[in-house]
Amino acid sequence: DQQVKQNSPSLSVQEGRISILNCDYTNSMFDYFLWYKKYPAEGPTFLISISSIKDKNEDGRFTVFLNKSAKHLSLHIVPSQPGDSAVYFCAARDGYAGGTSYGKLTFGQGTILTVHP
Amino acid sequence: DTGVSQNPRHKITKRGQNVTFRCDPISEHNRLYWYRQTLGQGPEFLTYFQNEAQLEKSRLLSDRFSAERPKGSFSTLEIQRTEQGDSAMYLCASSLGGAGGEQYFGPGTRLTVT
Numbered sequence: 492d493q494q495v496k497q498n499s500p501s502l503s504v505q506e507g508r509i510s511i512l513n514c515d516y517t518n519s520m521f522d523y524f525l526w527y528k529k530y531p532a533e534g535p536t537f538l539i540s541i542s543s544i545k546d547k548n549e550d551g552r553f554t555v556f557l558n559k560s561a562k563h564l565s566l567h568i569v570p571s572q573p574g575d576s577a578v579y580f581c582a583a584r585d586g587y588a589g590g591t592s593y594g595k596l597t598f599g600q601g602t603i604l605t606v607h608p
Numbered sequence: 327d328t329g330v331s332q333n334p335r336h337k338i339t340k341r342g343q344n345v346t347f348r349c350d351p352i353s354e355h356n357r358l359y360w361y362r363q364t365l366g367q368g369p370e371f372l373t374y375f376q377n378e379a380q381l382e383k384s385r386l387l388s389d390r391f392s393a394e395r396p397k398g399s400f401s402t403l404e405i406q407r408t409e410q411g412d413s414a415m416y417l418c419a420s421s422l423g424g425a426g427g428e429q430y431f432g433p434g435t436r437l438t439v440t
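Line by line, the protein sequences are chains V and Z. The first sequence begins at 492 in this note's numbering and counts up one residue at a time. The second sequence begins at 327 in this note's numbering and counts up one residue at a time.
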């Protein structure tokens, strides 16, 4: 069972426009949601996160929105730049279980973002 | 800040051989995770250490896999009697835990079993 899904394998955007990457989840026990960016032959790089008790978090050009009732989150990149071209992974962190959070992440399949000059 | 390092970066081995990978986390991070990533998929959790204690293992971690973190510093992941299905990128991540608990990943070790 795929608890975190990114249904768009790829997204192509013009430089300067907005990129919107989407993610759906099924497990309501997740307590944090994170976005990672990955270049080929490198490990994922942390971008931004949001607590399950918030609905928006902003960091520079990156904003993450969380809709708990729909179990949906999205990452907005404004304005998009060619250097943003990479694979973007949505991840969800296990919440507390019996008072202890081990914090393992469950990842989506990734979305390849291409930003054209 | 040297980040998370992993060695080797690439490993090619023949089916049936044993391999061992090493991960050096960010020095003040007490939490260490191993993940595996195959082509077209996101990373999948394998196991978790808090200091030297291995507290969680995925069912993906068959009995051919073993991980250690002696003294709560670096960690090793060993795969015995490798199979072609073990070919993947093995990623290590570390974190401080707590609120947010962002995990910082190393560059990974690419394993190819021939």
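Quick caveat, the hints were computed from the structure, so don't treat them as lab data. For every residue, glycine included, the Cβ atom is placed at its ideal position computed from N, Cα and C. A couple of the hints might just be wrong.
To be verified - Covered by chain V, according to a simulated footprint, are these stretches of chain Z (three or more residues, beta-carbon under 8 Å):
#1 365–372
#2 413–423
#3 429–435
As the list claims (entries may be wrong) - The list that follows gives simulated cross-link-like pairs (lysine-lysine, BS3-like), each with its CA atoms no further than 27 Å apart:
#4 K340(Z) with K397(Z)
#5 K383(Z) with K340(Z)
#6 K559(V) with K547(V)
#7 K528(V) with K337(Z)
#8 K496(V) with K337(Z)
#9 K528(V) with K545(V)
#10 K383(Z) with K337(Z)
#11 K528(V) with K340(Z)
#12 K559(V) with K496(V)
Agreement of K559(V) and K547(V) with the hint, judged by alpha carbon distance not exceeding 27 Å
holds, 11 Å
Would you mind confirming whether the straight-line C-alpha gap from K383(Z) to K340(Z) stays at or under 27 Å?
holds, 26 Å
Going straight from one Cα to the other, do K383(Z) and K337(Z) come out at no more than 27 Å?
Given pair K383(Z), K337(Z) holds - Cα atoms ~23 Å apart, limit 27 Å.
Verify the proposed pairing of K559(V) with K496(V), using a straight-line Cα cut of 27 Å.
Status holds; Cα separation ~15 Å.
Holds or violated: are the alpha carbons of K340(Z) and K397(Z) at most 27 Å from each other?
Distance ~32 Å between K340(Z) and K397(Z) Cα, so the pair is violated.
Take the stretch 413–423 of chain Z, compare each residue's beta carbon with every beta carbon of chain V, and decide whether three or more fall closer than 8 Å.
holds (count 4)
Does the structure keep K528(V) and K337(Z) at a Cα separation of 27 Å or less?
Holds - the C-alpha atoms of K337(Z) and K528(V) are around 24 Å apart, at most 27 Å.
Annotated coverage of the stretch 365–372 of chain Z by chain V, confirmed only when three residues or more have a Cβ within 8 Å:
holds (count 6)
Assess, step by step, whether the Cα of K528(V) is no farther than 27 Å from the Cα of K340(Z), and give holds or violated.
Not satisfied, since the Cα-Cα distance of roughly 32 Å exceeds 27 Å.
Would you mind confirming whether the straight-line C-alpha gap from K496(V) to K337(Z) stays at or under 27 Å?
Violated, because 30 Å separates the two Cα atoms, which is more than 27 Å.
Residue count check for the stretch 429–435 of chain Z against chain V: does it reach three with CB-CB under 8 Å?
holds (count 6)
27 Å limit on alpha-carbon distance, applied to hinted pair K528(V) and K545(V)
Holds, because 22 Å separates the two Cα atoms, which is no more than 27 Å.
Of the numbered hints given earlier, the model fails hints 4, 8 and 11; all others are met.
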